[in-house]
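Novice: Sequence:
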Amino acid sequence: MYMYKLEVELKEQTAHVIVMAENDEQAFDYLEEHLVRHFVYNPEVVEASIIEKKRAVKGSGYVIAPEV
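For my numbering, add 1 to where a residue sits in the sequence shown, where the first one is 1.
Treat the hints as calculated values from the structure; they're not laboratory data.
Bear in mind that the values here come from a model prediction, so they are computed numbers and not experimental data.
Honestly, I wouldn't trust all of these hints.
Unchecked claim - Estimated spans, in silico, between C-beta atoms of each pair:
| no. | residue 1 | residue 2 | range |
| --- | --- | --- | --- |
| 1 | F40 | Y63 | 18 to 24 angstroms |
| 2 | Y63 | L11 | 17 to 23 angstroms |
| 3 | K12 | G60 | 34 to 40 angstroms |
What the hints assert, rightly or not - Derived BS3-like pairs (lysine-lysine); straight-line CA-CA distance at most 30 angstroms:
| no. | residue 1 | residue 2 |
| --- | --- | --- |
| 4 | K59 | K6 |
| 5 | K12 | K54 |
| 6 | K6 | K54 |
| 7 | K55 | K12 |
| 8 | K6 | K55 |
Ideal Cβ placement from N, Cα and C applies to all residues, glycine included.
Based on the sequences and whatever the hints tell you, model everything.
Specialist: Written as structure tokens, this is what we have:
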């Protein structure tokens, strides 16, 4: 199992999403599910990319710093 830090460029904003998945394909599937659940409308995704990928072990995590 891996933790994925994904950067998603939407039509009106950029979002960072963290998901746990077995592989890259599954991570993008989960990303789509989370976007649909999070937004009231179905957001238009311009681009989505994997920023980081690491094994999901005890203590794993990411720091998401605000963009300046």
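Novice: If a hint holds in the structure, say so; if it does not, say that too.
Specialist: Each hint, compared with the structure:
no.	hint	result
1	F40 <-> Y63: 18 to 24 angstroms	holds (21 angstroms)
2	Y63 <-> L11: 17 to 23 angstroms	holds (20 angstroms)
3	K12 <-> G60: 34 to 40 angstroms	holds (36 angstroms)
4	K59 <-> K6	holds (17 angstroms)
5	K12 <-> K54	holds (25 angstroms)
6	K6 <-> K54	holds (6 angstroms)
7	K55 <-> K12	holds (28 angstroms)
8	K6 <-> K55	holds (9 angstroms)
Every hint from the earlier list agrees with this structure, and none is contradicted.
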